[in-house]
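*Asks:* Here are the chains, one letter per residue:
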Amino acid sequence: MVLFGDTRMLQIVTPNQIERLYSRFTSLDRGDCGTLSRDDFLRIPELAINPLCERIVHAFFEESTEDRVNFRQFMNVLAHFRPINNKKENKLNSLAFKMYDLDDDGVISRDELLSILHMMVGANISQDQLISIAERTILEADLCCQGKISFEDFCKALERTDVEQKMSIRFLN
Amino acid sequence: MSAMPQQYVVADPGSIHTGVEVLQSDEHKHAPERYPLSQVDFERVKTPFIIGVWILSASIAKIGFHMTPKLHLIFPESCLLIVVGVVIGVVLFFGTNVGVSPLTPNTFFFYMLPPIILDAGYFMPNRLFFDNLGTILLMAVVGTIFNIATIGGSLWACGQTGIFGSPEDAPKFLDIFLFASLISAVDPVAVLAVFEEIHVNEILYIVVFGESLLNDAVTVVMYHMMEVYNEMGLNNIIVQDVISGVGSFFVVALGGTVIGIIWGFLTGLVTRFTDHVRVIEPIFIFVMAYLAYLNAEIFHMSGIMAITFCGITMKNYVESNISQKSHTTVKYALKMLSSSSETIIFMFLGVATVDKGHDWNTWFVVLTIVFCSVYRVIGVIILSALANRFRLHKLSRVDQFVMSYGGLRGAVAFALVLLIDEGLVPQKNMFVTTTIAVIYFTVFVQGITIKPLVKILNVKRASKRKPTMNERIHERFMDHLMAGIEDIVGKTGNYNVRDKFKRFDNRFIRPLLIRDLKGAEPKIIETYSKLTMRDAIEVMRRNPSTIGQITGTESMSALFRNYTNNCIGGSPSLTNLDNTCSRNLDMHELDYNPSKKDLTDAKIHHLLAEELKPYRRVSSKMISTFYNKVKKK
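For the record, the sequence lines run as chains D and C.
Anchor point for the first sequence: position 143 equals 143 in our numbering, and the numbering is continuous, going up by one each time.
Residues are numbered in our numbering as their position in the second sequence, beginning at 1, plus a constant of 1000.
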């Protein structure tokens, strides 16, 4: 699923930024084959210890059929995080949501939430505790009483958070 | 021995010696006086009694404002307190011979300022502060220096034209700059007092407030520098003095910060061991923060920065070490201390206004106010244009306006101007009068108008609330996500740095400072236990009888304790590490042997769920129908 047409993406990201990202892309590309594999990502030391490492890397490969990403796909994912000025767009949420929603059924189930919690909170917490946290979270967000968090619920729960602000990075020129 | 009795005879028994001593001496020499039925000895309790009366009258004044129907809506509290102070000052001035201003620099800097700053630092929204640190530092350091230079320069230039009196009378170059350095700094007390009431959005708040806290370093250095230069005389200053002046800025700022951070970590470490003596927990927080402040002041470093960073540092560790009750105590004690010292400061400011030594120089006063306001606006516009090049969230025109308009001057400037040595600066009285005028102008004119202006300009307001479970989790999720993306892009940004610090904190600092570690995400657990606690209390409040019936054997309070304990983390399940090996996500496969406690917990859990569900349903239905209506339109 392509969220942004290429032309649109080019409008927002300046040539400078693309150039800079391309040099980063080539430096990540150890095999010099113009594409990145999962291992190329995992070689970034900080990323490798990020609790969400797997999911983040997975997000890059979601749109491609093969197990490598080219520069265009790389840019497509990163374009989600550019700072936006007009408030109408609400696309940023969808990427985050999809990172929760592993089986792509449009809702975050308890187990999906639990596995994310497991990654983030780590090992010192008992499973029971995590379960009750997850249940509590779902109970709180779930407006349709289906025991799951749908995309609407997700947006609603985060409406007081400045998601655009939180999920943007300034690509240095 | 022979001199002693004589001394007692000479001395006036009423004023110097206590009653006991007088009795003893009298027994030696004279015929014994009869034991007095009662005594009046005001001298002995004078100081604490007067302090007590001040605090009492300030607090009563405060109650008074909030009882009046309209007054406190129109005026900020600080204005009203100053007015009351002036009234009391007038009464004291004409009615008694007390006449001395109670606001001396020492009482201000040692006893009244620290509680306010500690309160600010301890409840500082750390994340917001560090996210905007660049802008705050820019405004605090560059902005204040800019203001000092421009205000000082302009005032001096105006002085040369003879507008303040004949050129011989006009203040010298360095005197003017001494004055400029104390009048340029935005005051944390005044800013807090006004901004707390108007609730502007958090970014605006943190930028103005952070600036007022951090510019203390600049003020301390500049003030001290000008003072020393003044003693040396303009002609004796060599390049080396200027260079050490600039260097001392870094020493003062960084030294204060480091001292604060060290004391903050020490406080965390000490509270790790207080679980046996819960009652003294709050003491450590207050005393150690205060010592950080004094410690920085010993070395002439920025005490304000020291105590701010002490509060920022200790908070995370202390909060997870001390008990819930101690935490509440700390919170309320800090709020009480800071609000009463704020009240007293403003009242003293009013009292101190009524004084014989005023030297009103209309042009000097007017020009100072004009320059303060104009250069503040210019400085904010230039610096926010600079900051906006690097900021994600741009500072809009309205933001810039509120920032420049919120640049209030306050008691720090007043205390500093009182510190000036009259022998070196002959125009001290004029400076004092002008400082008071500027404070009045900013607190009254700007303080009163800022509230309606914020409404007219439609500035985004803050909504103070506790984060929900979803927000907590998803926000942490986004932090990790963004840190990962920054790693991929290869850019060292906020998220990246925070991520690194968190990892370091979790691996090295937290295990050292915190008694029982609750995993890598203490905030998530904390939010969870807070929310469950609130639910539990809510259920108890709504129908305590049901719980009593359900439990049967166990008493309500015992059950409640069980329940909350479990949530808050006193239960073994939290610390039990064996449980973690079962990473099975399919919950049906987990074998489950309920103990009695578990069963009770489950009961409560169901009870809670049932109690909460109806609420949810109603509200969710309402929301969804509302949603549909909006959509249809």
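Treat each hint with caution, since some may be false.
To be verified - Now the stretches of chain D that chain C is said to cover, found in silico as 3 or more residues with beta-carbon under 8 Å:
hint, region
1, 43-52
2, 69-83
3, 109-120
4, 133-139
Claimed, not checked - With a straight-line Cα cutoff of 27 Å, these simulated DSS-like cross-link-like pairs (lysine-lysine) come out:
hint, chain 1, residue 1, chain 2, residue 2
5, D, Lys166, C, Lys1491
6, C, Lys1335, D, Lys98
7, C, Lys1335, C, Lys1500
8, C, Lys1523, C, Lys1331
9, C, Lys1466, C, Lys1394
10, D, Lys148, C, Lys1331
11, D, Lys166, C, Lys1335
Everything labelled a hint here was simulated from the structure, so no lab data went into it.
Heads up, the beta-carbon is just placed ideally off N, CA and C, and yes, glycines get one too.
*Asks:* Identify every previously stated hint that the structure contradicts and give their numbers, smallest first.
*Replies:* Hints 6, 7, 10 and 11 are the ones this structure does not satisfy, whereas the remaining hints hold.
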